[in-house]
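In the order they appear, the protein sequences are chains A and B. Residue 1 is where the first sequence starts when you use the working numbering, and the numbers rise one by one after that. Residue 1 is where the second sequence starts when you use the working numbering, and the numbers rise one by one after that.
Be aware that one or more of the hints could be misleading.
Cut-off 20 Å, straight-line C-alpha distance, at most; resulting in silico cross-link-like pairs (SDA-like, lysine to any residue) [said to hold, decoys possible]: (1) B/Lys-142 to A/Ala-64; (2) A/Lys-54 to B/Asp-162; (3) B/Lys-62 to B/Val-78; (4) B/Lys-62 to B/Arg-82; (5) B/Lys-158 to A/Arg-47; (6) B/Lys-163 to A/Glu-67; (7) B/Lys-163 to A/Asn-55; (8) A/Lys-54 to B/Gly-154; (9) A/Lys-54 to B/Asn-150; (10) B/Lys-158 to A/Ala-68; (11) B/Lys-167 to A/Arg-45; (12) B/Lys-158 to A/Asn-55; (13) B/Lys-142 to A/Asp-61; (14) B/Lys-142 to A/Ala-68; (15) B/Lys-163 to B/Glu-153; (16) A/Lys-60 to B/Lys-142; (17) B/Lys-167 to B/Ser-156; (18) A/Lys-60 to B/Ser-156; (19) A/Lys-60 to B/Asn-164; (20) A/Lys-46 to B/Lys-158; (21) A/Lys-60 to B/Tyr-161; (22) B/Lys-167 to B/Glu-153; (23) B/Lys-167 to A/Asp-61; (24) A/Lys-46 to B/Gly-154; (25) B/Lys-167 to B/Val-149; (26) A/Lys-54 to B/Arg-148; (27) B/Lys-167 to A/Ala-64; (28) B/Lys-84 to B/Pro-35; (29) A/Lys-54 to B/Lys-158; (30) B/Lys-158 to A/Ala-50; (31) A/Lys-60 to A/Asn-78; (32) A/Lys-54 to B/Pro-151; (33) B/Lys-158 to A/Phe-52; (34) A/Lys-46 to B/Ala-157; (35) A/Lys-8 to B/Phe-89; (36) B/Lys-158 to A/Asp-61.
None of these hints come from the bench; they were simulated from the model.
Listed below are the residues making up each chain.
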Amino acid sequence: MSSTLLPKPQMRGLLGKRLRVHIVGALIASLGSAILYKYGVAEPRKRAYADFYKNSDAMKDFEAMREAGVFESVQPKNS
Amino acid sequence: MLASRAFNLIGKRAISTSIGLRGHGVAKVEDFSLPSYIDRRDIPLPQLEYVRNLSAEQKALKEKEKASWSALSIDEKVGLYRIKFCETFAEMNRGSNEWKTVIGGALFFFGLTAFIVIWQRLYVYGPVPHTFSEEWVAMQTKRMLDMRVNPIEGFSAKWDYDKNEWKK
Numbered sequence: 001m002s003s004t005l006l007p008k009p010q011m012r013g014l015l016g017k018r019l020r021v022h023i024v025g026a027l028i029a030s031l032g033s034a035i036l037y038k039y040g041v042a043e044p045r046k047r048a049y050a051d052f053y054k055n056s057d058a059m060k061d062f063e064a065m066r067e068a069g070v071f072e073s074v075q076p077k078n079s
Numbered sequence: 001m002l003a004s005r006a007f008n009l010i011g012k013r014a015i016s017t018s019i020g021l022r023g024h025g026v027a028k029v030e031d032f033s034l035p036s037y038i039d040r041r042d043i044p045l046p047q048l049e050y051v052r053n054l055s056a057e058q059k060a061l062k063e064k065e066k067a068s069w070s071a072l073s074i075d076e077k078v079g080l081y082r083i084k085f086c087e088t089f090a091e092m093n094r095g096s097n098e099w100k101t102v103i104g105g106a107l108f109f110f111g112l113t114a115f116i117v118i119w120q121r122l123y124v125y126g127p128v129p130h131t132f133s134e135e136w137v138a139m140q141t142k143r144m145l146d147m148r149v150n151p152i153e154g155f156s157a158k159w160d161y162d163k164n165e166w167k168k
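Build out the structure end to end from the sequences listed, making use of the hints.
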């Protein structure tokens with residue numbers, strides 16, 4: 001056994017300290033992941049859809065698909 | 001109380017039934033309902049003292065303990081501690097190299113399984129369906145593009161319909 005005294009360890013407030021640390025951490029983690037998702041996934045997706053529908057012509061796509069022969073209700077125009 | 005009894009069931013055999021640990025006394029299987037000694041972090045004060053049968057000098061030490069404790073020397077205090085407890089917290093919490101064995105064993109069996117899987121692929125599985133052939137997959141891809149599968153963010157979004165090629 002050594003004769004030098006160890007410093008007295010922290011005896012009180014352990015749970016309070018742990019709660020404070022973890023509540024702050026939980027707030028940061030959850031807000032962070034929400035913000036990352038919003039600006040990493042949700043906003044680009046909304047922009048992609050908006051851009052697609054800005055310049056989309058449904059009838060043109062339909063005619064293209066008809067020519068390719070994927071429909072059963074309409075046949076390509078030349079056949 | 002019940003929880004510590006349950007814990008005692010797990011560690012009991014190793015701690016209390018070997019002659020070697022005791023140093024003296026007959027090794028007999030004890031009734032599990034009797035109080036027992038165990039070194040556990042969450043049971044800091046076990047139900048018994050560690051040493052059951054005190055030697056003569058240990059008995060003398062115990063007598064000295066009844067007087068003022070400041071009269072005890074450091075070594076006597078350690079002696080009293082060792083009567084009461086088997087391992088210190090530092091000793092009972094010591095790490096070991098077991099993790100290396102565990103990881104090594106797990107990875108070894110992982111690799112062994114790889115051999116089994118390869119053998120299985122060669123000798124057990126039959127041929128792959130014809131729909132996986134290059135030509136079929138090409139026809140399938142063309143049909144998916146014709147149908148405009150996922151034109152906004154997915155499959156057909158990566159195809160350039162004007163130049164008839166994949167987008168760069």
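Hints, one by one, checked against the model:
1. B/Lys-142 to A/Ala-64: 13 Å, holds
2. A/Lys-54 to B/Asp-162: 18 Å, holds
3. B/Lys-62 to B/Val-78: Distance of about 12 Å is within 20 Å: holds.
4. B/Lys-62 to B/Arg-82: Cα-Cα ~12 Å, so holds.
5. B/Lys-158 to A/Arg-47: Roughly 16 Å between the alpha carbons, so the hint for B/Lys-158 and A/Arg-47 holds.
6. B/Lys-163 to A/Glu-67: Holds. B/Lys-163 to A/Glu-67 sits at ~17 Å (cutoff 20 Å).
7. B/Lys-163 to A/Asn-55: Within the cut-off at roughly 18 Å; holds.
8. A/Lys-54 to B/Gly-154: Holds: A/Lys-54 and B/Gly-154 sit about 18 Å apart, inside 20 Å.
9. A/Lys-54 to B/Asn-150: 17 Å, holds
10. B/Lys-158 to A/Ala-68: The hint holds at about 18 Å.
11. B/Lys-167 to A/Arg-45: 19 Å, holds
12. B/Lys-158 to A/Asn-55: Within the cut-off at roughly 17 Å; holds.
13. B/Lys-142 to A/Asp-61: 16 Å, holds
14. B/Lys-142 to A/Ala-68: 9 Å, holds
15. B/Lys-163 to B/Glu-153: Judged against 20 Å, a Cα distance of about 19 Å means the pair holds.
16. A/Lys-60 to B/Lys-142: 19 Å, holds
17. B/Lys-167 to B/Ser-156: 10 Å, holds
18. A/Lys-60 to B/Ser-156: 16 Å, holds
19. A/Lys-60 to B/Asn-164: 16 Å, holds
20. A/Lys-46 to B/Lys-158: 17 Å, holds
21. A/Lys-60 to B/Tyr-161: Holds, at about 12 Å.
22. B/Lys-167 to B/Glu-153: 13 Å, holds
23. B/Lys-167 to A/Asp-61: Within the cut-off at roughly 18 Å; holds.
24. A/Lys-46 to B/Gly-154: 14 Å, holds
25. B/Lys-167 to B/Val-149: Given pair B/Lys-167, B/Val-149 holds - Cα atoms ~15 Å apart, limit 20 Å.
26. A/Lys-54 to B/Arg-148: At roughly 17 Å apart (the allowed maximum being 20 Å), B/Arg-148 and A/Lys-54 satisfy the hint.
27. B/Lys-167 to A/Ala-64: At roughly 19 Å apart (the allowed maximum being 20 Å), A/Ala-64 and B/Lys-167 satisfy the hint.
28. B/Lys-84 to B/Pro-35: 14 Å, holds
29. A/Lys-54 to B/Lys-158: 18 Å, holds
30. B/Lys-158 to A/Ala-50: 17 Å, holds
31. A/Lys-60 to A/Asn-78: Holds: A/Lys-60 and A/Asn-78 sit about 17 Å apart, inside 20 Å.
32. A/Lys-54 to B/Pro-151: 14 Å, holds
33. B/Lys-158 to A/Phe-52: Given pair B/Lys-158, A/Phe-52 holds - Cα atoms ~13 Å apart, limit 20 Å.
34. A/Lys-46 to B/Ala-157: The hint holds at about 15 Å.
35. A/Lys-8 to B/Phe-89: Holds - the C-alpha atoms of B/Phe-89 and A/Lys-8 are around 17 Å apart, at most 20 Å.
36. B/Lys-158 to A/Asp-61: 16 Å, holds
Consistency note: the structure conflicts with none of the earlier hints.
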